[in-house]
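Add chain B to chain A, keeping to what the hints say.
Number of protein chains: 2
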Amino acid sequence: MEFHEERLSNGLQIIAEKSPGVHSVALGFFVRTGARDESDEVSGVSHFLEHMAFKGTARHSADDVNRVFDEVGAKYNASTSEEVTLFYAAILPEYLPETFDLLADIIRPALRQDDFDVEKKVILEEIGMYDDQPTYTAYENLMQTHFAGHPLGRSVLGTNESIGALQCEQMRSYHRQRYAAGNIVLAVAGKFDWPDVLKLAHQHCDSWPAGGGARPRVAARPQGGLKLVTRTSSLQQHVMQMAPAPSADDARRYAADIVSVIVGDDTGSRLFWELVDPGHAETAEVAYNEFDGSGAYMAYFSCAPDQTRPNIERVGAIFDDINRIGVTDVELAQARSKVASRIVLRSERPMGRLSSLGHNWVHRNEYRRVEDDLETLRTINLADIRELLDAYPLRQLTTSTVGPLESL
Amino acid sequence: MEFHEERLSNGLQIIAEKSPGVHSVALGFFVRTGARDESDEVSGVSHFLEHMAFKGTARHSADDVNRVFDEVGAKYNASTSEEVTLFYAAILPEYLPETFDLLADIIRPALRQDDFDVEKKVILEEIGMYDDQPTYTAYENLMQTHFAGHPLGRSVLGTNESIGALQCEQMRSYHRQRYAAGNIVLAVAGKFDWPDVLKLAHQHCDSWPAGGGARPRVAARPQGGLKLVTRTSSLQQHVMQMAPAPSADDARRYAADIVSVIVGDDTGSRLFWELVDPGHAETAEVAYNEFDGSGAYMAYFSCAPDQTRPNIERVGAIFDDINRIGVTDVELAQARSKVASRIVLRSERPMGRLSSLGHNWVHRNEYRRVEDDLETLRTINLADIRELLDAYPLRQLTTSTVGPLESL
Chain A
231 MEFHEERLSN GLQIIAEKSP GVHSVALGFF VRTGARDESD EVSGVSHFLE
281 HMAFKGTARH SADDVNRVFD EVGAKYNAST SEEVTLFYAA ILPEYLPETF
331 DLLADIIRPA LRQDDFDVEK KVILEEIGMY DDQPTYTAYE NLMQTHFAGH
381 PLGRSVLGTN ESIGALQCEQ MRSYHRQRYA AGNIVLAVAG KFDWPDVLKL
431 AHQHCDSWPA GGGARPRVAA RPQGGLKLVT RTSSLQQHVM QMAPAPSADD
481 ARRYAADIVS VIVGDDTGSR LFWELVDPGH AETAEVAYNE FDGSGAYMAY
531 FSCAPDQTRP NIERVGAIFD DINRIGVTDV ELAQARSKVA SRIVLRSERP
581 MGRLSSLGHN WVHRNEYRRV EDDLETLRTI NLADIRELLD AYPLRQLTTS
631 TVGPLESL
Chain B
231 MEFHEERLSN GLQIIAEKSP GVHSVALGFF VRTGARDESD EVSGVSHFLE
281 HMAFKGTARH SADDVNRVFD EVGAKYNAST SEEVTLFYAA ILPEYLPETF
331 DLLADIIRPA LRQDDFDVEK KVILEEIGMY DDQPTYTAYE NLMQTHFAGH
381 PLGRSVLGTN ESIGALQCEQ MRSYHRQRYA AGNIVLAVAG KFDWPDVLKL
431 AHQHCDSWPA GGGARPRVAA RPQGGLKLVT RTSSLQQHVM QMAPAPSADD
481 ARRYAADIVS VIVGDDTGSR LFWELVDPGH AETAEVAYNE FDGSGAYMAY
531 FSCAPDQTRP NIERVGAIFD DINRIGVTDV ELAQARSKVA SRIVLRSERP
581 MGRLSSLGHN WVHRNEYRRV EDDLETLRTI NLADIRELLD AYPLRQLTTS
631 TVGPLESL
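Quick mapping for you: the protein sequence lines, in order, are chains A and B. Heads up: the first sequence begins at 231 in this note's numbering, then just goes up one per residue. Heads up: the second sequence begins at 231 in this note's numbering, then just goes up one per residue.
The shape of chain A in the complex, shown without the other chains (with noise of 0.2 Å):
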C-alpha cells in the first residue's frame, strides 16, 4: 500500500491509495453536502442536484455523460445521505483520463432551467414510490423524531411540497455554496500513478472556486418519542426504534459495531436466534449509524401486527440483558471474525476500498489501512464493550411504526 495525500490551492482535498496486484482503479468525489446542510426551503436539493448532475454540462450532453461512461466501461453512480454526496466509477488505469474529465465535469453541471423542470418530475415520483414503502416512512419518521430540532432530522429526498416549491436559482445558489473545492474531497483506489492524478486534478479541478469549511457540529439531543402512522395496505407491522450511540469521531465506533453484530446481525445474533428463527418476526436487525458529531444504534423488526408488542418486549429483554450483562467471550470472538471477513471482503476491489478511504477521511481527515482497521477489531476486549454499554445503552428511545395497528 502506498498513500498520497495533497491539497490544491482552492482547498480540494486529493488522497490516493495505490494498492499491487490490482488491475482496476475507482474515483470518486465525496462532497461534504447533504440533507443536514439545507433549510426547510431547499428540503431535499441535495439529492436534487445529484441527479442533476448526469442532465449535463457545458461540455457534455446528457447523453454524451452516458454515453462516455459506457464506452469506458465504467461502473459509476451516485448518492446522496444525510452528510456526503458522492459521484465514483470504477474504470480500467488506461480510461483514467477521460473519466477524470467527464467525473469532475458533472459535479458542475449546467442546471439548465429545461433540466430542472424535467427531472423536478422524476424527482416526485421518485417520492411518491418511496413514500408508498413502509420501512422508507418509518425510516423517515424515526430520524425526524428522534433527531427533532436537529439538522440530521432533515429528509434526504425532501417532500412534495418543499421539491414542488424549490427554484432552480435556489439549487443554483446552494450549489456554489455546498460545492466549493474546500468542500470536497477527491479519493482515488486501485491502480494509479500518482503523478498522473494530480496533474488531472490541476487540469480538471484548479479553476473550481476556492471555498467551504466544517459543517456546525452541534450535539444531537434525542428526547425520543413515539410515531405510529396506520396504514392497513401493509400487512406486517414494521418498527424502527432508535438510541444515542458514538459519534463518527468516537474511538468506541468499533465497540459499537460489535455490539450491533453481536445483537442485531441479519443472521446468527441475538435477535436472530430469538426473534426470526423461532418466528416471530419476518426480519430483526440491529445497526451502528455514525454521523459527525453524532451516533445512533437503529433496530428494525418487521412481524405478524399481532406479534408486535411481544417483539417490542423480546428486544427489551435482550437490550436489558445485554447491557447489565454484557457479551460473552464467545460472542465477542465470533462477531470479531464475521466483522473482520466483510472489512477484508468490502476492500478487495478498488470500488470497495474508496467507500472506506473516502469517509474516513470526510468524517476525520484520517487515513486508515484495512490492516489498522483489523488490528483496532483485534484489540477489542470486554471492558470496552463494558466501557461502551455503560456510556450507551442499548435502548428503545424513538420508535417510529408503520402498519395496520392503530395504537401499539
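If chains are identical, the list can't say which one is meant, so a pair holds when it fits in one copy or spans any two.
Under the rule of at most 25 Å between Cα atoms (straight-line distance), these lysine to aspartate or glutamate pairs were calculated in the DMTMM-like manner: (1) Lys305 x Asp487; (2) Lys421 x Glu232; (3) Lys457 x Asp270; (4) Lys305 x Asp496; (5) Lys351 x Glu512; (6) Lys248 x Glu235; (7) Lys421 x Glu601; (8) Lys421 x Asp603; (9) Lys421 x Asp602; (10) Lys305 x Asp495; (11) Lys457 x Asp361; (12) Lys350 x Asp507; (13) Lys305 x Asp507; (14) Lys350 x Glu512; (15) Lys248 x Glu236; (16) Lys248 x Glu601; (17) Lys305 x Glu232; (18) Lys248 x Glu232.
Hints are computed from structural coordinates only; laboratory data are not their basis.
Relative to chain A, chain B alone:
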C-alpha cells in the same frame, strides 16, 4: 499468478489459482450435473438436491451448516443450471480448514426422508412463485421450443408434476450416480497455500466414490418455432428469441460475445439506441449463451403490447444489417473496451475469479489467466466477426412470448 492442478485417485479434479495481493480465498465444488442430465421422471432433481445440501449431513445438522458459515463470516451460496451445480464460499484464509470441511461435507447430504418431504414443499412454492413471472415462463418455453427433443430443453426447476411425484430414493440414486468424484471439479482462487489445499482435499474427499465421466454431447438441431402464452395480468409483452451460436468449446465464442455486446448490451448497443432510447421498448438485450456442444444467441425485449410487432421487425432489421454489412471499427473497439473492463472488474475478487476458473475447466479442461482472455479479446478483428456471422448469423429462429397478446 501461480496455477496448480491435481487429480485425486478417485478422479476428483483440483485446480487452484493463487493471486498476489488479495486477502481472501474462494473455493467451489463444480459438479458436472444439471437439468440436461435428468430424465423426465426426475426432472428438477439437480436443483432440489442443491437445496438438500443445506439440510444437513451425517456430521452437521441444518442449523450447524448455517451457523458455521456464519461464524467464519463466509459469503456462500449454491446454484444449479442446465449443466452445472455449484457450491461455493469466500472467506478469510485462516478459516479455510473449517469451511473446506463443511463445504465438502454438505455435497454429500444425509438426504433424510423427513427433510426431503419438508423441502419438497419449498421447491413447489418456488416453482409457483417463478411461474408467476412472465420472464421465467418465457425463458422456460423458449428453451423447450428451441431445444425440443434435446437435453438442453429440460427445465432446471422441474414441474409441479415431476417434483410432486419425485421419491427420495430416486434422488439418492441420482446423487450416487452424478456426484461421483470424477464428475466434480474443486476450484480454489485467491490467497492459500497449495500444500494445505491438497491436504484438505485428501482428508475430506479421498473417501468419495470414484466414477463419473463426460456426458453425451449430441449437437442440438433447432428447428425453431413459436410459443405464445396469453397472460393478461402482465401489462407488458415479453418476447424472447433464440438462434444457434458457437458452443462452449468453439474458439469463435469470443467473437460471439463481442457481437452480442454490439447488438444487444443493456446500454449503448444497437438495440439500446433503436428500441430503448426512443421508448419503443422498456428493455432490449442480446446475450450469448455457451453450452457443452451447443450455443445460442438469446434476444429479449419487453414493451407495450401494440409495439410488439414493430419491435420484432426492428430487431429483424438490425440483425439483417449486421449479418450483411457487419459491425464498424468503432463498434468493435468500444465493445472490446466494455468486455475487457468487465473481465477485469469481475476477476478482481477471488469470488469472481472462481467462477471463470471453474467454468473454463468444466467446459474445456482449460486454464486461462485473465491476461489470456484479454489477449484473445485484443486479437478479435473484423474478419473474425465476418467469419462468425457467416457460420452463425443472428436470426429470429425460435420465439417465445408472454403477455396480453392473443397472437403475434
